[in-house]
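**Q** Protein sequences, first through last, are from chains W and E. Its first residue numbered 1, the first sequence is counted upward by one per residue in full-length UniProt numbering. Its first residue numbered 1, the second sequence is counted upward by one per residue in full-length UniProt numbering.
If you are wondering where the hints come from, they were derived from the structure by calculation, not from laboratory data. Glycine residues also receive a C-beta, built at the ideal position from the N, C-alpha and C atoms. Treat the hints with caution; some may be incorrect.
As the list claims (entries may be wrong) - Short derived list, chain W residues pointing at chain E, Cβ under 10 Å:
(1) Ile4
(2) Ala7
(3) Leu86
(4) Val90
(5) Val164
(6) Ala198
(7) Val201
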Amino acid sequence: MNAILDAIRWFFHGEQWHGTDGIPHRLSEHLWYSGLAFAITVAIALPLGLLLGHVRRGRAASFFGFSVIASANGARALPTLGLLILAVLVTSSSLVPTLIPLIVLAIPPVLVNAYTGVQQVEPGLRDAAEGMGMTGTQVLWRVEAPVALPLVLLGLRTAAIQIVSTATIAAYVGLGGLGRFIVDGLKRQEYSSTAGGAILVILLAFLIQFVFALLRRVAVSPGLRRTS
Amino acid sequence: MSAALSPVAAGDNGEPLIRWDWIGHNSDIITQALNDHLVLSIVPVVLGLVISLPIGLLCARYRWLYAPVVGLTSVLYAIPAIALFVVLVAFTGLTRTTVMIPLTLYTLSVLVPAVVDGMDSVPEHVRQAATAMGFGTLRRLVQVELPIAVPVVMAGLRVATVSNISLVSVGALIGVGGLGQLFTDGFNRDFTTPIIVGIALIIALAIAADVVLLVVQRLLTPWARAGSSRRAARRAVRAEPAMPEEAAL
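Please take these sequences and the hints and turn them into a complete structure.
**A** As structure tokens, this is what we get:
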């Protein structure tokens, strides 16, 4: 318990709050890497997932659907630490190769949830939209996407948390960010820095959960919230 | 541990990605790491199952419990593994326990909802039929409800097992990582072979565990084979995304 108190005291040292190794700088690094990886992930996976869910007829579509789900299950088995180290050793440079594992591991949750969300839209709802004269794109944007939103948000949240935690581990291979406190603390046997870093990462993860809970409340249609 | 490894050619110029002779020379270290990995990942799954069964059953019976319990487990689920490991070091030191506690918690957060969903998957008329046949609560639970819940619970168990197997390697950062030790070792010596071996073995272990669980499920639900296996397969594919939560690291 003393160790945890030390970690809390660590926050109140003046040196923790300025300079390259200060909390504000490390936090902004962490947010920058994570934000970049998240943006790229979303740009790749979200349109693909929505589209694959929308085009559900035909053998090719069902094959794609199956491979999307299989890839997500497979991605769970990939050890992040190993991928990060391998990426860095093979390319022997820092930022870009570390971002690639972050993105690769975050794509499946976004893809799968967007795909399933759209695919699970009630056929009756879709028929009604088509019966009203909506075109395919209109059905996707006005009906399927809003109905799928809770699952889409869940996928985005999972990806965001995944990226933030992988970015922490990436400190081991030399990336900046909050993980530095943990990795350097372990190396120098300064437990207060390690635990302080861990507490910051935990707070960040909670913040993300909170933001997505808020988003869900604001963005999801009230009619949907009542049922799910 | 690194002292026991064979010497390595320096630099990555001309160094092949895999040196097969290294694998042969270090097979005992690899086997040891594999054993550690197996223990570190499977024990939490078993513990998690044992703990989440009663919790899940209670939540299925007393619905008001479910929301707070799931809220708590999903918050725990969001905490990155490395952070939990590090915080626990203060209490349990650099031991296996430190790695196994967070993995057990992650297992709980997948399995408690799975048990509740499994109980929900029991059709009401089956429950009534069992009661009408004179089954008491306990006998109905063990002989009727739990067997019907098996596929849903097993789906959760597979997710938890596979993500645990890959998560254990993060423990290498505090020195308890099973095959993850090969990663840190390879990184310290700028040597890719152990890293590739580690990744390959972790994936192989995950696939093997998944296959074992599938076989167990088949043995536990002989009736599923009797019906139209095609429909069951389609249902399984659809049921899969029912747990879209991925493992946080």
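**Q** Hint check: is the beta carbon of Val201 (chain W) less than 10 Å from a beta carbon of chain E?
**A** With a minimum Cβ separation of about 4 Å from chain E (threshold 10 Å), the hint on Val201 (chain W) holds.
**Q** Answer holds if the nearest beta-carbon of chain E is closer than 10 Å to that of Ala7 (chain W); otherwise answer violated.
**A** holds (8 Å)
**Q** Minimum Cβ distance from Ile4 (chain W) to chain E below 10 Å?
**A** Since the shortest Cβ distance to chain E is 6 Å, the answer is holds.
**Q** Against chain E, is Ala198 (chain W) within 10 Å by beta-carbon distance?
**A** This interface hint holds because 4 Å falls under the 10 Å limit.
**Q** Should the interface hint for Val164 (chain W) be scored as holding, given a Cβ-Cβ cut-off of 10 Å against chain E?
**A** holds (7 Å)
**Q** Taking the least C-beta to C-beta distance, is Val90 (chain W) closer than 10 Å to chain E?
**A** holds (7 Å)
**Q** Taking 10 Å as the limit, does the beta-carbon of Leu86 (chain W) come near enough to a beta-carbon in chain E?
**A** Since chain E brings a Cβ to about 5 Å from Leu86 (chain W), closer than 10 Å, the hint holds.
Every hint, counting from the list given before, is met by this structure.
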